[in-house]
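Enquirer: First to last, the protein sequences are chains Y and G. What the first sequence shows, in the numbering used here, is residues 2 to 325, in sequence order. What the second sequence shows, in the numbering used here, is residues 2 to 325, in sequence order.
Hints were generated in silico from the structure; no laboratory data involved. Remember, it's a predicted structure, so these values are computed and weren't measured experimentally. Among the clues, some could well be false.
Note: identical chains are not told apart, hence a pair may lie in one copy or across any two.
No farther apart than 25 Å at their CA atoms in a straight line, the calculated lysine to aspartate or glutamate pairs in the DMTMM-like style are these [unchecked claim]:
| # | residue 1 | residue 2 |
| --- | --- | --- |
| 1 | LYS138 | GLU53 |
| 2 | LYS138 | ASP57 |
| 3 | LYS61 | GLU319 |
| 4 | LYS61 | GLU46 |
| 5 | LYS61 | GLU139 |
| 6 | LYS138 | GLU46 |
Number of protein chains: 2
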Amino acid sequence: MRIDCLQYANWSEKIFRQMREGDVDAVHVTIAYHETFRETVLNFERWNRWFERYPDLILKGSTAVDIDLARETGRTAIFFGFQNPSPIEDDIGLVEIVHTLGARFMQLTYNNQSLLATGCYETEDTGITRMGRQVIKEMNRVGLVVDMSHSADRSTIDAADLSERPIAITHANPYEWAPALRNKKDDVIRAVTENGGMLGFSLYPHHLRNKSDCTLTDFCAMIALTADTFGTAHLGIGSDLCQDQPDSVVEWMRTGRWTKDIDYGEGSAAAPGFPPMPAWFKDNRDFGNIEDGLRAVGMSPDEVEGIMGGNWYRFFAENFGPAP
Amino acid sequence: MRIDCLQYANWSEKIFRQMREGDVDAVHVTIAYHETFRETVLNFERWNRWFERYPDLILKGSTAVDIDLARETGRTAIFFGFQNPSPIEDDIGLVEIVHTLGARFMQLTYNNQSLLATGCYETEDTGITRMGRQVIKEMNRVGLVVDMSHSADRSTIDAADLSERPIAITHANPYEWAPALRNKKDDVIRAVTENGGMLGFSLYPHHLRNKSDCTLTDFCAMIALTADTFGTAHLGIGSDLCQDQPDSVVEWMRTGRWTKDIDYGEGSAAAPGFPPMPAWFKDNRDFGNIEDGLRAVGMSPDEVEGIMGGNWYRFFAENFGPAP
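Bound-form chain Y, shown alone:
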């Protein structure tokens, strides 16, 4: 089973066909960065049209059962998520509405301070806000997973502890291995995994040691080491693949409407665009390389199966429905 717990591609039939070539059973797809609720609805609509147009390639995922259906019918199940809580605006009632529409993950922050928590680029991290506590409770109730990929450390640890259901870091790597602002320190990973949560390993070059030149062996050895430290069961892939996006999109991701200045984030004025992907992971057809790489660094078939998709499958099965 292969599940990728984060992509934000410039979607097309070509990419959907590559998912099939790569035997990708499910993908968590970002459908909001800075969008308001109303704008996010337009993004749901675009996906509805793709589901209608490519019924032989993709289907909308609501629960883990849809992954079974996708496997039985040779398709990829698409699960929706937000990288920012902007779609719920200031309205806790929108949590259930976006879940009904299909959202299954929501980041409490995207780099900046939000109404709910602090982002990883702020200098002060004040943890979960008053509204954040209420929204986490509501997300737990309806089955919308708290994702802290772009959040600051204290906020993430607070969220892991406050949430009554496991949370996720869908796409990041250990800071110990690659000290990027977006990667996660051990105490953060521990707080998330000890509470039953998941870490998805990112293939976005800014999150990799040696960036685009990172080797497959180095990446897979890092996964094996993380498994030794935190337990294999809590780990998966969240590639952060942004295939075929123009550089204008990475600028939108970084600046949205919140600044008139350009903030290059993980990039720089000299290299403002998307960095090239590592040669061994260009697109959805390359998941087999990671699978081979994990075996080559000595992981067992069961461990590899879990990291490539089995662990996310179990997490999806337990966390996308109403609280028991």
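Fit chain G to the given chain Y structure using the hints.
Expert: Then chain G, alone, in the frame of chain Y:
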């Protein structure tokens, strides 16, 4: 089985309890008159809070199976509908979105010309518009029922013929019996029922012969006569009960934001408010009176069961899911 295919009350625990006292298994509830999409979402949210607050009395209805669940657990299933296509604005993609959120009926017009069809208060009836044809096709695809209760005659007949799935007039009476602008002439009722559609009998006094003074026997005799003419299987109840609403609400229903003048519609300057309900149908506890009245005018137990709910149940079962 008791199903009421239209109410627009000022909802409260009191009314939900009266539904239970009246053994009402399902109600089609109006959640938009003139609201935009964004405003309609706030109405969905209000209902989500009621479902959360009164789980022993009501549940959200999506398919006919939810009526079975409601009956097994002693609750009332609430199905949502719009009296106007305003929630989809000018965007056909919103048809699937509102269906996903729970809408199951949408009127193509509310008295006035809309983007889709002509309302019953216009002087010229131009039938279904270009967008209207596209939206009917999309409503057929997803399982959102076309409701023509407030539409003009030609538009209604066109819709019945164009729609590939049965349509409904959820709340109106035969014009022959009470010649109100909102009641339906025989050729309109015939077009709807011959295509498998349904007519729900209204108890709103402006739709009754002798208005608030209409007798139970007269109302039930009218139903029996309509059954003889068009077939019992196509008939049900759509009470149009607007319980506990202040008169300001009927003004909003009539004028929305489309006029600065007051249009009294079925009322008058002398009697602008909600008319008093007939003594034998004050609220949800009185459905038993109609049942008794239908028996008294000679309808068989099977016919009465069909009109009180069985016919709507079958219609819900066939028309709320995706097209086969």
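Enquirer: Now look at each hint and say whether the structure bears it out.
Expert: We went through each hint and held it up to the structure:
1. In this assembly of identical chains, the alpha carbons of LYS138 and GLU53 lie at most 25 Å apart only when taken from different copies (14 Å versus 34 Å within one copy).
2. Proximity of LYS138 to ASP57 under the C-alpha cut-off of 25 Å is restricted to the inter-copy arrangement: shortest distance 22 Å between copies versus 37 Å within a copy.
3. For the homomeric pair LYS61 and GLU319, the shortest alpha-carbon distances inside one copy (18 Å) and between copies (23 Å) are both at most 25 Å.
4. With identical chains, the CA atoms of LYS61 and GLU46 are at most 25 Å apart both within one copy (12 Å) and between copies (23 Å).
5. Proximity of LYS61 and GLU139 under a CA criterion of 25 Å is satisfied in both settings, with 23 Å inside one chain copy and 18 Å between copies.
6. When the C-alpha separation of LYS138 and GLU46 is checked against a cutoff of 25 Å, the pair qualifies only between copies, where the shortest distance is 17 Å, while the shortest distance within a copy is 28 Å.
In this structure, none of the earlier numbered hints is contradicted; all agree with it.
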